[in-house]
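The listed protein sequences derive, respectively, from chains X and A. Residue 252 in the UniProt record's numbering sits at position 252 of the first sequence, and the numbers go up by one each step. Residue 78 in the UniProt record's numbering sits at position 78 of the second sequence, and the numbers go up by one each step.
The set of hints was computed from the structure by calculation and includes no laboratory data. On a predicted model such as this, the values are computed, not experimentally measured, just so you know. Treat each hint with caution, since some may be false.
Which chain A residues stay away from chain X? Per the calculated CB distances, all over 10 Å, these [to be verified]:
| # | residue |
| --- | --- |
| 1 | T7 |
| 2 | D34 |
| 3 | M39 |
| 4 | E45 |
| 5 | P88 |
| 6 | E114 |
Not the full set, but computed from the structure, chain X residues with beta-carbon under 8 Å of chain A [claimed, not checked]:
| # | residue |
| --- | --- |
| 7 | E27 |
| 8 | D146 |
| 9 | N166 |
| 10 | G241 |
| 11 | E242 |
| 12 | C302 |
| 13 | D348 |
| 14 | K352 |
| 15 | I359 |
| 16 | K361 |
| 17 | V367 |
| 18 | L428 |
Covered stretches of chain X (chain A as the covering partner; in silico rule of three or more C-beta atoms under 8 Å from a C-beta of chain A) [said to hold, decoys possible]:
| # | stretch |
| --- | --- |
| 19 | 89–99 |
| 20 | 257–266 |
Where a beta carbon is used, it is the ideal one built from N, C-alpha and C, also for glycine.
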Amino acid sequence: MAKYAAPGQPDSVVTFRDRYDHFIGGEYVPPAKGQYFSNPSPVTGEDFTEIARGTAEDVERALDAAHGAARAWGRTSVAERANVLNRIADRMEANLEKLAVAETWENGKAVRETLAADLPLAIDHFRYFAGAIRAQEGGISQIDEDLVAYHFHEPLGVVAQIIPWNFPILMAVWKLAPALAAGNAVVLKPAEQTPASIHVLMELIADLLPPGVVNIVNGFGVEAGKPLASSRRVAKVAFTGETTTGRLIMQYASENIIPVTLELGGKSPNVFFNDVAAQKDAFYDKALEGFTMFALNQGEVCTCPSRALVQSDIYDQFMADAVERTKAVKQGHPLDTETMIGAQASNDQLEKILSYIDIGKQEGARVLTGGERADLGGELSGGYYVTPTVFEGDNKMRIFQEEIFGPVVSVARFADYDDAIKTANDTLYGLGAGVWSRDGGTAYRAGRDIQAGRVWVNNYHAYPAHAAFGGYKQSGIGRENHRMMLDHYQQTKNLLISYSQNAQGFF
Amino acid sequence: MPRVALTPEAADVLRGLRADHGDLMFHQSGGCCDGSAPMCYPLGEFRTGASDVHLGDLAVDSFVVPVWMSASQFEYWSHTHLTIDVVPGRGSGFSLEAPLGVRFLVRSRLLTDEEL
């Protein structure tokens, strides 16, 4: 067991500055209106730094810097851009603990996850897109003997990226890596709940990027996000968040006729067929862990397996084992490497989760374990902690249909295959799903029949680069985490060239 | 039959927002991060359409604030009554109250048989 010293203590691996300005044109720039907002750590609820409160003036300044840098950056060789991404990855790797502790203090998540998942995945993401852009090819299509179509990839120019608070660094990197690899300049707005850790990263890598290629404007959605998303000076908007803001961003984009990519969450079913319990072996243990994955990252994952569907004939025993496994999830100080579940990211998130636990009880769902705020005592009493919660109920209940974004799973039975698929697909969303079966045929068919962009079969919550991630239905548009994201950050230039010396024959 | 209501604390926040931004509207969000929470905008900022349901109007003094939700989401919410409350928070999306350090939140109860 090890526990990292909290930022601010003398022996901490990371020190936050007292204040963060905007990062524009390669340097830190105070906000035009001179205002700042305080940033608390969810671990304790105490403020630890203050952040520039950006406005339209700051967004314009960042767009000026990005437009100044975009042309030259877009014309660098792919080898040069790949080298930059690889150097960023190396720098992050050399500072992994520092970034992991910063991310934990910022977001509240357990440091074992930032050390083992958030940061290694972010580092690999830069390397993946460094490789992907090197390997990307255009096309040559011979239309006829003398007419040839050449297809080139060109960057879009300046793109806007609005980042969520559940994985502040990793979700920024999911958007930055493909955009930069493709040769775009970026204006990025972090979530106002988690605005600081990205600056710890930026300070580490600023010297590796030409000024203006990455610009970070902090602030509130309405004051900084809206002017960015609605700007006529951006060629594309990428957003991860919820449906109403997603629609609003599409609405702004329609005014400017620009593309968007959206990742808007889900209500992911995790389906356990009866053969899972045929033996009490390693696979059964893995399936129980798969059930418990709803508590990963405190449930603040767009693909949280927040609906578990368990076949009736194994239901009682499986759920007894699953509840026992859930109770074994260690809740504690997020900087303790033994801790498995940390703090919810903000007070309003905590309140929302508690409001859903309330409506779940009102609707008649049964609490099998958890169901309350956790007071961990001492300095953690001011933090935002919820006990991992298992509800048993019916798929029509609101706790089965709405994204709670907390460590809450709602469990229902199913009779047979058709019943399982019907219930799994009875949702507005289609981002993630899990299928558990020892039978390859069942697993394959279920994986194909569930309407979701990512179906994990006999595993869950793995996010390797080169496995496409994105939504069906109301879960969004686009596929991240894969080289196909390059297409979302590139124009296609077609040169249609005639090698014939003869007139075309019309006039 | 009223489907939506407002706490006195939330009404206070709306009074301040209206003074700064003019007429207001709510659209109930779904999905991740700040989803499942009501978003407050200047009236008309968010374009509602055939895919939305008008849940009702919240009366505050002499002005009203319409509340909307997507029709597909309403299919799953139609058996519940919503009260818009406000809690200390750090905001979300482009909702107007975020810079004030508060966040609107929906509290729900089941509609009674008489109400349904």
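Tell me whether the statement that chain A covers the stretch 257–266 of chain X is true, taking a Cβ distance below 8 Å and needing three residues at minimum.
Since three or more residues must qualify, the claim that chain A covers the stretch 257–266 of chain X holds, with 4 doing so at under 8 Å.
Hey, does the L428 (chain X) contact hint survive, CB to chain A under 8 Å?
Holds, about 5 Å.
Interface hint status, E27 (chain X) versus chain A (Cβ within 8 Å)
26 Å, violated
May I ask you to test the interface hint for V367 (chain X) with respect to chain A, counting a Cβ-Cβ separation under 8 Å as satisfied?
Check failed: Cβ of V367 (chain X) comes no nearer than 17 Å to chain A, outside 8 Å.
Under the criterion of a CB-CB separation shorter than 8 Å, is N166 (chain X) in contact with chain A as hinted?
6 Å, holds
Holds or violated: the hint that D348 (chain X) contacts chain A, with Cβ atoms closer than 8 Å.
With Cβ-Cβ at 3 Å, under 8 Å, it holds.
Hint status (Cβ of C302 (chain X) to nearest Cβ of chain A, threshold 8 Å):
This hint holds: C302 (chain X) lies near chain A, its Cβ roughly 4 Å from the closest one there, short of 8 Å.
Does M39 (chain A) really sit off the interface, with its C-beta more than 10 Å from all C-beta atoms of chain X?
5 Å, violated
E45 (chain A): least C-beta distance to chain X exceeds 10 Å?
8 Å, violated
So, as I understand it, the hint says K361 (chain X) touches chain A; can you test that by seeing if any CB pair is closer than 8 Å?
11 Å, violated
Against chain X, does D34 (chain A) keep a CB gap of more than 10 Å to every residue?
5 Å, violated
Outside-interface status for P88 (chain A) - nearest CB in chain X farther than 10 Å
5 Å, violated
Consistency note: the structure conflicts with the earlier hints numbered 2, 3, 4, 5, 7, 8, 16, 17 and 19.
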